[in-house]
Amino acid sequence: MHKKVIIIGSGPAGLTAAVYAARANLEPLVLEGSQPGGQLTITTDVENFPGFPEGIMGPDLMDDMRKQAIRFGAQCEYKVVDKADLSQSPFTIWAKDEKYTADTVIVSTGASARLLGLKSEKELMGYGVSACATCDGFFFKEKEILVVGGGDSAAEEAIFLTKFASKVTIIHRRDELRASKIMQERVFENNNIEILWNNSVEDILGTKDSGVTGVVLKNTVSGELKEMSCDGVFMAIGHIPNTKVFKNQIDLDDKGYIITKPGSTNTNIPGVFACGDVQDQIYRQAVTAAGTGCMSAIDAERWLEEN
Amino acid sequence: MADNVIEFNDQNFDSEVLESKTPVLVDFWAVWCGPCKAIAPIIEEIANDFNGKVSVGKVDVDNNNQVAMKYGIRSIPTLLLFNNGEVVDQVIGNVGKESIESMLSKAL
Numbered sequence: 001m002h003k004k005v006i007i008i009g010s011g012p013a014g015l016t017a018a019v020y021a022a023r024a025n026l027e028p029l030v031l032e033g034s035q036p037g038g039q040l041t042i043t044t045d046v047e048n049f050p051g052f053p054e055g056i057m058g059p060d061l062m063d064d065m066r067k068q069a070i071r072f073g074a075q076c077e078y079k080v081v082d083k084a085d086l087s088q089s090p091f092t093i094w095a096k097d098e099k100y101t102a103d104t105v106i107v108s109t110g111a112s113a114r115l116l117g118l119k120s121e122k123e124l125m126g127y128g129v130s131a132c133a134t135c136d137g138f139f140f141k142e143k144e145i146l147v148v149g150g151g152d153s154a155a156e157e158a159i160f161l162t163k164f165a166s167k168v169t170i171i172h173r174r175d176e177l178r179a180s181k182i183m184q185e186r187v188f189e190n191n192n193i194e195i196l197w198n199n200s201v202e203d204i205l206g207t208k209d210s211g212v213t214g215v216v217l218k219n220t221v222s223g224e225l226k227e228m229s230c231d232g233v234f235m236a237i238g239h240i241p242n243t244k245v246f247k248n249q250i251d252l253d254d255k256g257y258i259i260t261k262p263g264s265t266n267t268n269i270p271g272v273f274a275c276g277d278v279q280d281q282i283y284r285q286a287v288t289a290a291g292t293g294c295m296s297a298i299d300a301e302r303w304l305e306e307n
Numbered sequence: 001m002a003d004n005v006i007e008f009n010d011q012n013f014d015s016e017v018l019e020s021k022t023p024v025l026v027d028f029w030a031v032w033c034g035p036c037k038a039i040a041p042i043i044e045e046i047a048n049d050f051n052g053k054v055s056v057g058k059v060d061v062d063n064n065n066q067v068a069m070k071y072g073i074r075s076i077p078t079l080l081l082f083n084n085g086e087v088v089d090q091v092i093g094n095v096g097k098e099s100i101e102s103m104l105s106k107a108l
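Residue numbers (the numbering used here), protein chains in the order written: chain A, 1 to 307; chain B, 1 to 108.
Chain B on its own, in the form it takes in the complex (with noise of 0.2 angstroms):
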């Protein structure tokens, strides 16, 4: 995984992105979803981009079920937007670079 993305689990769910003092790109995925990879260089990107303003990571839904339940993920990829604790927006699908940049300005 690149530099400037974490990697969100059950453990560190709560104190990496509820407790966040900056919005929280979450981006939920998996290893066996297609759309998921070819998301993740612009996940990467967005995460350089935004770096130090939006914190930005990917939660593996196959190991870390709990938080998936806990947000109704229903399909992936599942971008969420934290921000204090809530989800203040979101994407689903493979959307485009643009969608996910329009999203977090919105947020700051």
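Bound conformation, chain A alone (with noise of 0.2 angstroms):
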């Protein structure tokens, strides 16, 4: 199949992107990754996006945006992107046996959750050990649980599974959690948190039959270890751009974010641009995703009238 505009991504960013691509007619194909919607699909009450007093959940308004990209033409199709040949346009990009050309291509893959990367973290993942609040909070009522981590989104998760678990104890290895003033008041407020700092996790114990039972924490200041009992753990260290299928094609930073030319989506490849949490390691929120979603809709259109 070949389209004016593939959308790789379908985050504020990709959505955004499609609903002006599909409002200029350019008939954009969105393909939608591994974790359609985005970040925000694994996060509850959105309060911060303009337009919502009251705030929104994040799947609805993820939802919405879908809609809205479907109405105006866009076409959304759950597939993966796992390979691109960005060379030169047209582009050839693939998602398993599907084969699609294009000639622009939007990168807004977003990232994706970091892990400690231990192993005992990737055994015992689904059983005990969650990337998503939201989803696994449920099935730990009366529990204790840790939430590793000190931003937002430590915060937000230790915050909302304070709904289930008898007692919610945040991981941070300093001394000072790096979150907005307003969700370090609340998380200090919530009687059922409390905050070990300057600990890090070493080892998560337990087996897929028995679950999680406990942690090894090593102390980042003196380097003691000890273990400590708990029934879960949350990760919420932060996130890795999602650029591994565009690495040495793509233009990427130190980190892997993609490199944008200051003002405008343009990456080094004529043709490719990039919007999002993928080349945006500063602001990282829902709005400013959307806002260079739009960007990159206007400068494909735009590369498309003089190419």
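Worth double-checking, as some hints may not be accurate.
[Unchecked claim] Keeping only pairs whose Cα atoms sit at most 20 angstroms apart, straight-line, the calculated SDA-like set for lysine to any residue is: (1) 97/B - 307/A; (2) 141/A - 69/B; (3) 97/B - 98/A; (4) 83/A - 97/B.
Honestly, the hints are just simulated from the structure, not real lab data.
Assemble the dimeric complex from its two separately framed chains, guided by the hints.
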């Protein structure tokens, strides 16, 4: 199949690009990826996206964006891109056995949850270790759980999990949270949340049969190791950009984020544009993603007119 | 729910799943779980592709505590593959269609 515009990724960046590209009569194809709707589908209330004075549920917001894109003629498919040839336009994209070509490509693949990288973490993922509080918190009623991390996600998840857990302990490797002030306040005010400062998780204990039974913590200041029992561990230590597929083709910075020319969504490849978290490690908000999504559709439209 | 995806619940689980003559793929989900919604269209496609060979259905864990607890569900989405009343295989998380297909093919 050949398209004028293929959008890879379906979070706020990709879907906003889809709305604008569709309204420019470019009939874009959105290949939604392995997490259709993006990171907002694993959160609950989104209170800071403008236009929603009472907030809106993340999955609902993304559902609406998808419907909006489809309304104007975008085609959305549940396909995961695993290979791309971006040497020059027209570009070729593969999703398993399906092959697509496109005059322009908008990369909006976002970022995925970073994990500690422990063998025990992988082994017990789904058996007490989780990277999705909204999915799995339900299964920890009256249990004691840990949330690893110190940013807004960790704070949000910890607060959310107090709805189920009897006790939530935040494990953070430093002595202050980097979460926004309002989230920090909410964490400190919550009697069901404790914070263990200057600690990192060295190992997770338990088996698939027993589930998680505890962790081994390392004090980041003294180096001292100690065991702590718990029933679950939720990871909230940040994200890594989803750019593996584009390595050695699109210019990436040292952390794997796509480099875009300031003031535009242009990558080093003419006809390839990037928007959303995949090219942003500073702001990483749904609204900034939507903003750059719009820009990339306009950049793509202009490029098509000139080429 | 699509035609070929059955709604399993605490009441019909024994008859529809444990006593089924064919293998049964059970998708544990909940309405508030984003990744569960993401995997839903794939489950529908699997149900159509394996129609007649594997029975496919979903359990809403919110309303069917007994079944979820009986099988120790601790994370969703969880897909359990049953054959002759026993769990013979499983995958946890939003895995791709291929992983599910290969799990089913092994049982057939």
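Here's how the hints hold up against the structure:
no. : hint         : result
1   : 97/B - 307/A : violated (38 angstroms)
2   : 141/A - 69/B : holds (12 angstroms)
3   : 97/B - 98/A  : holds (14 angstroms)
4   : 83/A - 97/B  : holds (17 angstroms)
Hint compliance for this structure: hint 1 is the single one not met.
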